[in-house]
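Asks: So the sequence lines, in the order shown, correspond to chains A and B. Residue numbers for the first sequence follow numbering that gives the first Met the number 0, so the first one is 0 and each next one is one higher. Residue numbers for the second sequence follow numbering that gives the first Met the number 0, so the first one is 0 and each next one is one higher.
Think of the hints as simulated: they come from the structure by calculation, not from any bench. Warning: the hint list may mix true and false statements.
What the hints assert, rightly or not - Here are the simulated DSSO-like cross-link-like pairs (lysine-lysine), alpha carbons at most 27 Å apart as the crow flies: (1) K40(A) - K82(B); (2) K196(B) - K82(B); (3) K81(A) - K40(A); (4) K40(A) - K144(A); (5) K7(B) - K144(A).
This structure is a prediction, so every number in the text was calculated from the model and none was measured.
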Amino acid sequence: MNNTVVACVDGSPSTGPVCDYAAWAAAGLSAPLALLHVLEKDGHPAVSDLSGSIGIDSKELLTEELVRVEGERSRLLMAQGKAILAACAERLTRTGLPEVRQLQMHGALDEILAGLDGVRLMVLGRRGAEHPVGSQLESVIRLQKAPVLVVPETFSAPSRVLFAWDGSDASRRNLTSLTVSPLLRGLTCHIVMVNGDDASLLDAQLILQAAGIDAESRIIKDESVSRGLCRYAEENGTDLIVMGAWGHSRLRRFFIGSHTTSMLSESRHPLLMLR
Amino acid sequence: MLLSSTRKDWLGNVRGDVLAGIVVALALIPEAIAFSIIAGVDPQVGLYSAFCIPVVMAIFGGRPAMISSATGAMALLMITLVKDHGLQYLLAASVLTGLLQLAAGYLKLGSLMRYVSRSVVTGFVNALAILIFMAQLPELTNVTWHVYALTAAGLAIIYLFPYLNKTIPSPLICIIVLTAISMWLHLDVRTVGDMGKLPDSLPVFLIPDIPLNLDTLLIILPYSAGLAVVGLLESMMTATIVDDMTDTPSDKNRECKAQGIANICTSFIGGMAGCAMIGQSVINVKSGGRGRLSTLTAGVVLLLMVVFLRQWVSQIPMAALVAVMIMVSIGTFSWRSITDLRRHPLSTSVVMLATVAVVVATDNLAFGVLTGVLIASLNFATKVARFMTVRSSLEGDTRIYTVTGQVFFASADRFMSHFDFREAAERVVIDVTHAHFWDITSVSALDRAVIKFRREGAEVEILGMNDATRTLVDRFGVHDKPEEAEKLMGGH
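All chains should be built: construct the whole structure from the sequences, respecting the hints.
Replies: Laid out in structure tokens, this is it:
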């Protein structure tokens, strides 16, 4: 895999939009596209017997039964996953993408995604088949080095981008790398800072000017950073939000919470998380 | 590291974990009481550790869903300490055990488990089952027929009740029914209350009341060392068994550290040292326990039941506990290993049987495992020693010996015997390009051969010595260089 856009599909309602956004990104980046289906181990036991007694060869018999039942379950899930992958691949081929790789793997989503090499961009649905927004996405993004695009349940090709600017080194780095990326070329860009000062925003404008990009920049006031950004996005019709993920320390996140986490749960727009 | 756990570890399987935890707690009570009695302390001591150890392990443990508590293997090592010096020294020894295990965890000794072969594990498990069973015999000797009848009835309930209903733990039914019968008929049988003090309150923090000096240390150190080793061995083996059953990985070194922490904590609330239990862990997995919550539930439910149902617990006839413990010993024993005796190679069976025999003879599982590991290593050395041949050929006046294979302490003598020193050869060539000299014994054997040939007047030349002795270097680091390993093993 080399510089691939990886789309994570699981058969949930967001699978379609994940494919569409992945196709959009792959076209923009002129990168190959791979579909990934992860077979997660079910934490719920397949066999449960509350009799509490153990007899001759209980260990071995229990292991054999678990292997049989879980094997059956995995076989079904594997077939189901293959069908999902095939359907997505067909959908993408119809849109004119030349070749789509199909991957299926066993394990925990976050660890598998962190272990993939040569990933350019990762596309995930905001809402999974089993997991509501939250822990799953968070750990995926935290373990990830590649940018992650988290998409909602409907697709619309992005035309206006909102860049969340907080004046930190990380956001400076992110903005600089975006100016050279072909992904957002030709889109209208809004630089938005919540509860910040003009001097810092000027920095952002300078970076964009140096790259020759026209952008609107704005400072807004709101108690909550995530609510402010979402409100701005609604009012100005931006349809892609770009932000750095988890800039603060784990400790601060624990006590105060993080903007990234609240954006993940509040925003109705696709989010491009830069690490 | 020690505290890291995901939300899924705790809340991934709430219903299954809570139910399994309750089932395990019910089976833990008789075990904790029985093992306290083996060690010669009040049931309270075992019950406190059966509360504390699972709770601590739920937080720190490296193997979710594995149940740890006061165990028979550990209790057997404590008997003489308690008899000679009393409970306070046992608590101090438990603290030291914990410290040793913590150190073992930080030194990553958990990885030493790779030297313990499958047959040793089987032998260990069988020996454990036999020890648990034998520990019940005092309750079954010199007693009235009532006890036999109650025990038999208990076993019948445990194994037959699941055919009627699989949602209520049959060991619980066994205990309730037998307690009711013996109270109703006013049977004159021993009850748990006769065996010593039961917990009458939630545990409190206390420091072992012992003089802190060298004499104390010398008394407890041998016991602590034994306890630490046995505890870790049983825990590591149980972890492997749970890994296999649930098809999930575990962190063995974290498990070592957690065992240490659990033993330290439990001694400070007046409990004895413990370790992982094979039988209980199987019950937990069978009942659907997979996460950390199952272990936590087991500990908490056990304490609540014992403290608040003390009146009733003290009325439980010992026969009911004996029945539960016989069930645990039957469930722990690997019955397949008996039928496997015919199928497996003799050398493997010998390892298993020797492990069992030594444990039963010494009551110390560590000695058994040591014996097993030793025999298994010797077996292996003997087998590998066969992979050595010496071909000899004569070219004119030159005698050429071509050595192929593994030369080390076990094959050095055979290596020497291949050389014919009586032959009057003018020139001798020993080609060792395709041989490996693994240790100093093999190199000195070669030296001796060369010297002997020279003394007979022959001119000796050795070919390929550098390649052959590369294996002598201790830190070769071939593991990350496949091509190096291949070169090393070239020709085999």
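Asks: Does each hint hold? Answer for all of them.
Replies: Against the structure, the hints:
The hinted pair formed by K40(A) and K82(B) fails the criterion: a straight-line CA distance of about 50 Å is larger than 27 Å. In summary, the hint linking K196(B) to K82(B) is supported, as the alpha carbons are separated by about 17 Å, within the 27 Å threshold. About 17 Å separates the Cα atoms of K81(A) and K40(A), which keeps this hinted pair within 27 Å; it holds. Between K40(A) and K144(A) the CA atoms are separated by roughly 24 Å; this keeps the pair inside 27 Å, and the hint holds.
For the proposed pair K7(B) and K144(A), the alpha carbon gap of about 23 Å is at most 27 Å, so the pair holds.
The structure fails hint 1 only (numbered hints given earlier).
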